[in-house]
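Novice: In my numbering, the protein residues as written are 1 to 398.
No wet-lab data here; the hints were simulated from the structure. We put the beta carbon where it would ideally sit given N, CA and C, even for glycine. Among these hints, one or two may not hold up.
[As the list claims (entries may be wrong)] No more than 30 Å apart at the CA atoms, straight line, and that leaves these computed lysine-lysine pairs for BS3-like:
no.	residue 1	residue 2
1	K358	K342
2	K381	K252
3	K381	K342
4	K252	K358
5	K252	K342
[To be verified] Simulated DEER-style distance windows between Cβ atoms:
no.	residue 1	residue 2	range
6	K252	L97	23 to 33 Å
7	W58	G258	18 to 28 Å
8	T261	V98	19 to 29 Å
9	R257	K381	46 to 56 Å
10	T127	G258	32 to 42 Å
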Amino acid sequence: MKKLYWLIIISLLLLSACARPPEPPTEPPPVVEEPAVEEPVVEEPVIDDVPTLQAVSWQEVPGWLLDDPSLALGAFLKSCTSLRWRPQWQTACQDALVLENASETEVRAFFERDFVPHQVSQSDGSTEGLLTGYYVPDLQGSRTASSEYSYPLYSRPDDLLVIDLGDVYPALSNYRLRGRIEGHRVIPYWDRDDIDGQEQPLTGQELFWVADPVELFFLHIQGSGRILLDNGERVMVNYADQNGHPYRSIGKYLLDRGAMTRDQMSMQNIRAWARNNPDEVDNLLSHNPSYVFFRELEGDVQSPPGALGVPLTPGRSLAVDRRHIPLGAPVFVETTWPNSDKPLQRLMMAQDTGGAIKGRIRGDFFWGMGDQAGAQAGRMKQSARFWVLLPQNELESQ
Numbered sequence: 001m002k003k004l005y006w007l008i009i010i011s012l013l014l015l016s017a018c019a020r021p022p023e024p025p026t027e028p029p030p031v032v033e034e035p036a037v038e039e040p041v042v043e044e045p046v047i048d049d050v051p052t053l054q055a056v057s058w059q060e061v062p063g064w065l066l067d068d069p070s071l072a073l074g075a076f077l078k079s080c081t082s083l084r085w086r087p088q089w090q091t092a093c094q095d096a097l098v099l100e101n102a103s104e105t106e107v108r109a110f111f112e113r114d115f116v117p118h119q120v121s122q123s124d125g126s127t128e129g130l131l132t133g134y135y136v137p138d139l140q141g142s143r144t145a146s147s148e149y150s151y152p153l154y155s156r157p158d159d160l161l162v163i164d165l166g167d168v169y170p171a172l173s174n175y176r177l178r179g180r181i182e183g184h185r186v187i188p189y190w191d192r193d194d195i196d197g198q199e200q201p202l203t204g205q206e207l208f209w210v211a212d213p214v215e216l217f218f219l220h221i222q223g224s225g226r227i228l229l230d231n232g233e234r235v236m237v238n239y240a241d242q243n244g245h246p247y248r249s250i251g252k253y254l255l256d257r258g259a260m261t262r263d264q265m266s267m268q269n270i271r272a273w274a275r276n277n278p279d280e281v282d283n284l285l286s287h288n289p290s291y292v293f294f295r296e297l298e299g300d301v302q303s304p305p306g307a308l309g310v311p312l313t314p315g316r317s318l319a320v321d322r323r324h325i326p327l328g329a330p331v332f333v334e335t336t337w338p339n340s341d342k343p344l345q346r347l348m349m350a351q352d353t354g355g356a357i358k359g360r361i362r363g364d365f366f367w368g369m370g371d372q373a374g375a376q377a378g379r380m381k382q383s384a385r386f387w388v389l390l391p392q393n394e395l396e397s398q
C-alpha cells in the first residue's frame, strides 16, 4: 500500500505537469552533481522504527586508537569547503584549520573534543552491513570515432528532464524523476538498449569514443575515469547525470545463469568472462538499463569530485547512502581488507554517493586511480560496521 501511495502521488504530479505543453527552456537543465552512479527512477521515503544513529563513547569504537586520524585530516578539510557554511559544522571546521602540521595525538584530541561517535544500526537493530570498493579506471580513447574507437561516451543530453519531487513534497527531497517530453507527455528516458541500439537517439552528443565496451560499462559503474587519447592527451571524465532507469547488477545476472559462483564473483572475473564469451557481451550489458552521462573535467585534475563536490581522497573517501549518513561527515569504518580477514579500521569521510549504495550500513570505499586501485576495488565485498561522527555543538544545541 505504501508503494502504491507514492506511485499515485508521482502520477498526479506528472499529469499536472503535462496538462499543457512546457515552454522551451532558455538554457539546458543544470547538471546534477552526483558522481557515483545510477539511481532508481523513484525511491520510497525511509520510515524507521529503530534510530539509525546511536551515540556511544569513544571507548566503544573498536580500533579508534589504532588508526592515525591525521591521515584523514586533509580529507576532512576538503569536506569543510562544502560544510563550513552550515552553522553546525563551523566550529569543527574552524578548529581543523589550525591543525595542518599537528601531530597524531593533537588531531585525535580534536576529533574527540569536537565530535560524538554514533554507531549506525539496521532497522532490526543489527550493526553489520556491506562495504564494496570503487576506483578511477584508465581507458584508451579518442575524440573522434574510428574502427578502433567505436564505443561512445555521451555528454548529458539536452532533452533529459530531472523532476525534483522535494520542491512540492519536502518528504521526498532527494528523490528525482528523470524522463523526456514526447508530444504533451513526460515519458521515461531512453534505456541502455535504446541508447546503444540501431536508432542511436543520442547521435551528436558524443564526448569521447573508447575501444572496449566492457571497460566503458565499468566506467559507468565507477562514475569517473581517465582516458588516454590517441593524440597523447590524458583527460578526466566525471559523472554528469543518469537516465533514470534502475541499476541492475550484471554480476547477479551471471550468478543466476550459473556462469560463475558467488565466491568467483569479482570485477576481474566478469571481465574475463566477457573476453571468453564475446558473442554474449551485448546481452550481458543490456541487462542493466541504467546509463550514465559524463562531462570532461578541465585542467590537470588529480582526483575527481564526489557528490559533495570536493575531490576524493584515495583510502579516505567513502560513498554512502545520504538518506542515512550526512554527506561530509567523518565515518569510522571497521572492516577487513579485500579477500582477507586482516582488520581494516580507519577514519574516512562521507563524500560520495552511488546508485548501488543503498542502505544504512552500505558503503563504497574509494581506492584511487589506476590498475592497482582497481584490483583492490574489484575484490572488495566485506562485512563492515560504521560510526558517524557528528559535531558536538550541534548535539548541544538540540
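Novice: Compare the distance between the alpha carbons of K252 and K358 with 30 Å, and conclude whether the hinted pair is satisfied.
Specialist: holds, 16 Å
Novice: Given a hinted range of 32 to 42 Å, is it respected by the beta-carbon distance of T127 and G258?
Specialist: holds, 34 Å
Novice: For K358 and K342, compute the direct alpha-carbon distance and say whether it is at most 30 Å.
Specialist: Distance ~26 Å between K358 and K342 Cα, so the pair holds.
Novice: Should the hint that W58 and G258 are 18 to 28 Å apart at their CB atoms be regarded as holding?
Specialist: violated, 48 Å
Novice: Taking only the CA atoms, is the gap from K252 to K342 under or equal to 30 Å?
Specialist: holds, 27 Å
Novice: Check the following: the C-beta atoms of R257 and K381 are separated by a distance inside 46 to 56 Å.
Specialist: violated, 19 Å
Novice: Kindly confirm whether 23 to 33 Å is satisfied by the beta carbon distance between K252 and L97.
Specialist: violated, 45 Å
Novice: Between the alpha carbons of K381 and K252, is the straight-line distance 30 Å or under?
Specialist: Measuring from Cα to Cα gives roughly 14 Å; hence the hint holds.
Novice: Measuring from beta carbon to beta carbon, are T261 and V98 in 19 to 29 Å?
Specialist: violated, 53 Å
Novice: Decide if the proposed pair is consistent with the structure: K381 and K342, CA atoms, cutoff 30 Å inclusive.
Specialist: holds, 14 Å
The earlier numbered hints that this structure contradicts are 6, 7, 8, 9.
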